[in-house]
Amino acid sequence: MERRQRDIFDMAERARLSPVRYERRDTRGVLLCQAENSVQREFSVSLGTRGDIRGDQNELSRMKRFARENAVLTEPANPGTTTPKKDYLAMLKAPAPTAPALDPVAFYRACEWLKGQKIVTFASLEALAQDASEHVGATVSEADMKLVMTTLNVQEPALWHEPKDPQAILVRELSTIMKRLGETPSPAFDRLAASLLRA
9 MERRQRDIFD MAERARLSPV RYERRDTRGV LLCQAENSVQ REFSVSLGTR
59 GDIRGDQNEL SRMKRFAREN AVLTEPANPG TTTPKKDYLA MLKAPAPTAP
109 ALDPVAFYRA CEWLKGQKIV TFASLEALAQ DASEHVGATV SEADMKLVMT
159 TLNVQEPALW HEPKDPQAIL VRELSTIMKR LGETPSPAFD RLAASLLRA
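Each residue of the sequence shown is one higher than the last, beginning at 9 in our numbering.
Rather than coming from a laboratory, the hints here were simulated on the basis of the structure. For clarity, every value in this text was computed on a predicted model and none was experimentally measured. Don't be surprised by glycine CBs; every beta carbon is placed ideally from N, CA and C. Mixed in with the good hints there might be a few duds.
DEER-style ranges, computed between Cβ atoms [what the hints assert, rightly or not]:
| no. | residue 1 | residue 2 | range |
| --- | --- | --- | --- |
| 1 | Gln-42 | Thr-159 | 49 to 59 Å |
| 2 | Pro-174 | Gly-124 | 25 to 35 Å |
| 3 | Thr-159 | Val-128 | 12 to 22 Å |
| 4 | Ala-202 | Leu-160 | 31 to 41 Å |
| 5 | Arg-199 | Leu-160 | 38 to 48 Å |
| 6 | Ala-151 | Glu-50 | 26 to 36 Å |
| 7 | Lys-72 | Arg-199 | 39 to 49 Å |
Start from the sequences and build out the full structure, keeping to the hints where you can.
Structure follows, in structure tokens:
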């Protein structure tokens, strides 16, 4: 067995694939491999006198990926499907639909508390959640508060999305004034505005 043939057989063994047939094609050694579920694919290495280390590593990665994607599942699978084992296990561990972290009583209290609030008096969602936590008697996260607001059909005030950076505020106001005056801002001003006002 020539050196490069031995190399590709070793790679197949490391990837847990079964070698089926080896042949030389031009400047490459090609090995047909079979995965656990009997799916077959060809992999190849350069036959140059000096081994292609990077190429071998890439091909070994392809072999390992192919082996993972075609591993035999513990559950019977439909013929012709090649659901990766990793994806199958991920489906079993898939998280439940999003639900409030609050228990039902605390969630109800947060809803009732929010009904009596003027939401525009809070500087941010974080501030609203902190205040709610004090009144509800349980930790209310920002995600919980968003769910409470969605449940009650309460919109976030525009001021929560106002820029906080003084430079961003100035650039926005200057831009508004320039538009009202019919002036076209310079490209440099546009770039500055885009960088400060994004997000």
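Status of each hint after checking the structure:
1. Gln-42 - Thr-159: 49 to 59 Å: holds (54 Å)
2. Pro-174 - Gly-124: 25 to 35 Å: holds (34 Å)
3. Thr-159 - Val-128: 12 to 22 Å: This hint holds: roughly 19 Å between Cβ atoms.
4. Ala-202 - Leu-160: 31 to 41 Å: holds (35 Å)
5. Arg-199 - Leu-160: 38 to 48 Å: Hint holds: Cβ distance 41 Å, inside 38 to 48 Å.
6. Ala-151 - Glu-50: 26 to 36 Å: Violated, since Ala-151 and Glu-50 (Cβ atoms, about 49 Å apart) do not stay within the stated range.
7. Lys-72 - Arg-199: 39 to 49 Å: holds (46 Å)
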